[in-house]
Amino acid sequence: MALYNFKKIMVVPTSKEFIDITLSKTQRKTPTVVHKHYQIHRIRHFYMRKVKFTQQNYHDRLSQILTDFPKLDDIHPFYADLMNVLYDKDHYKLALGQINIAKNLIDNVSKDYVRLMKYGDSLYRCKQLKRAALGRMCTIMKRQKQSLEYLEQVRQHLSRLPTIDPNTRTLLLCGYPNVGKSSFINKVTRADVEVQPYAFTTKSLFVGHMDYKYLRWQVVDTPGILDHPLEERNTIEMQAITALAHLRSAVLYVMDVSEQCGQTLEQQLELFNNIRPLFANKPLLIVANKCDVKKISELTEEDQKIFADLTAEGISVIETSTLTEEGVMTVKTEACDKLLAHRVDGKMKGKKVHDVLNRLHLAVPAKRDEKARPPFIPEGARIGRKTMEVDAPKRKTERDLEVEMGDDYILDLQKYWDLMNQDEKYDVIPEIWEGHNIADYIDPDIMKNLEDLEKEEELKVKAGEYETDEESEDEEMQEIRQLAKQIREKRKLKIVCSKDKDVHGPRLPRTVKKVERKTLEKEMGDLGLDMTGKDDSHYAVNARRSRSVGVAKKRKREASVVPTSRTRSQSASRPPRDQSGVRDPKVCGVGYARSSCHQVKWFVLKICTMHIGGVLVPWLKETYAFGDVMKIKFV
Amino acid sequence: MRIEKCYFCSGPVYPGHGTMFVRNDCKKKRNPRKTRWTKAFRKASGKELTVDNCLEFEKRRNVAVKYQRELWSKTVEAMRKVEGIKRKRQAQFIFNRLKKGKQLEKEEAISEVKKNIHLIKAPHAGKAKVLEEKMVQKLQEDVEMGDD
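If you read the sequences in order, they're chains A and B.
Everything in the first sequence is counted per full-length UniProt numbering, starting at 1 for the first residue and increasing by one.
Everything in the second sequence is counted per full-length UniProt numbering, starting at 1 for the first residue and increasing by one.
Derived by calculation from the structure, the hints in this document are not laboratory data.
Mimicking DSBU-like on lysine-lysine, the simulated pairs with C-alpha atoms at most 30 angstroms apart in a straight line are: (1) A:K522 / B:K115; (2) A:K448 / B:K59; (3) A:K25 / A:K36; (4) A:K485 / B:K114.
Only part of the chain A face toward chain B is listed, based on derived beta-carbon distances under 10 angstroms: (5) G435; (6) E454; (7) K460; (8) K494.
Here the structure is a predicted model, which means the values were calculated and not measured.
Every residue, glycine too, gets a C-beta built ideally from N, C-alpha and C.
Throw the hints in and build the complete structure from the sequences for me.
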């Protein structure tokens, strides 16, 4: 059934949008670069491709529109009629026809221009042809503006139509405006149709669903019908008429007994007779609504006669009041039963039934003896069924309480709790203590376990497990600890000092360093030795001697007497180095400035180049080579 | 409402604070048993009391017990006592564990002193004086003897 496809129709764009979309698509999805110097077939192919692409796009979209929209001949006559009423069949068909024509025209245009392009001999010509082709296609689309707009509106309205299944069980409500049809549907189903005091509140068909006898029923609410001939009816009324005409349903003709709708009973009867032909072959029911205002028995004789007549014809008349819900259920059950009976009848008369009937067989067990064996119904079910039938509330619900108490009502679920002591119901139950969940400790045996634990603990304490055996350490141990601490500290200090020294260059042996007398005495003193009165100790004497020798060296050096023997020369003061090996010091002609601190150094330098910062720079390098080299003396 | 245990560190998660602790959970493939600071690690490597009667009191029970006022109040009392005992036992456990360490410390101090005493006290520190005094004493004795 094309029922649900109404929601799946693709959006119909406006003509301007349509053109924009297609052209931009062509621009994006086809190659864009072409040059004059390309070979002509390549240029032609390029432009032909654009034309064909555009044509393809238009064609696709238009075809989709044509297939999406329902064909009035293919759908259920109810929908066809409804669409006719709402959108005018002719207009609809015309619009779709236009679209179809447009599609064909575009195809033709593309064909023609592609053919022409085969004879294009330059880029300019091909381009102009393409422009012309696209231009014509777009003009065609521009002309479809009205159709496209109309179709878009149709689509939007179509998608919002109520989904009425024309084949399933349906109850149809009809009558004058304001008689109470929408109120009825609100009561019977979950639908929420607007109910207002003015006429024509309901402007279109509404559907509600309800359940009865384990089956799903549709209830269709229609806009009110006024009494005038068919030709003069407007769109809204026509919808109701369409529904009446095409849906195979039970008809509930609603009448307003109290005449609050603004029509007298005679007028309502008139209308009823006028649309009687539409009720052919449909189970009919008359609903006398608003009986809370006026009952049939309170009516005048003539009016009562009307109803009597109707009943005489075999149509049941039921009094209802949608306000007090009186009789609503009766109407529902009767209408449903009637319809079911009607449908079953119809099916029985049809041909399909026999196939099924032949296969069905109801097996009844044959009686063995005269013993009565009734069906067993458990007591609880019997009671339940009775209460259901009586339909009285079994117990007071919370909702009832709430209604009673109004503002004072507080939802108190604790009163339903089932505890050992009923008076503990409203206790505040502690849940957490000091980071532990109380619920984790709850145990009926907890007291017993606790006793056991405490006994255990006592035993442990007796056994002495908890005694902290801190052997109070004797003095010796304490002293040892003290010393160990000092040792560790001293060690760390030494390590830090030695790291601080930061000696660059070659490591000299310890004996080269001169040790000051003061530091030596201080260190040894710290270690506990007695360093007083050490003036004539060995190290002090040496210290003095070296000092005096050093002082002596500071005076200007006189030419010393050349020693006569070797051994003596070695033990006596040594000759200055620059005169070593020279017999007569006066022979040395070079005049040096003498200073005890400086020593003569020979540098041999070589001029070479060195990379500094990426640049070759002349540099003087110390070296010991002796050829081709400049000798400089530094003093 | 109840206090849950964080999956990762086994710490308590109070109602409403979940995000803070669940973030500790972040699964960068860390095994709580190998992450040193979690309770799971400590229990698995025997650093804390694991099997004990007092720990059996707190466990999740699947059978619901209907509320009874006296039972609840007794339970709260019992909880307090059990908590006290639990703490004592846990502390004792850790103390026992650390006893060995103390012993080792003592021995280390002794050996240190034996080896490196020379860093703070020269071995013959007071000996010179003692020797001198001895000599003086001896001389005096000799003199006395000579006198006699």
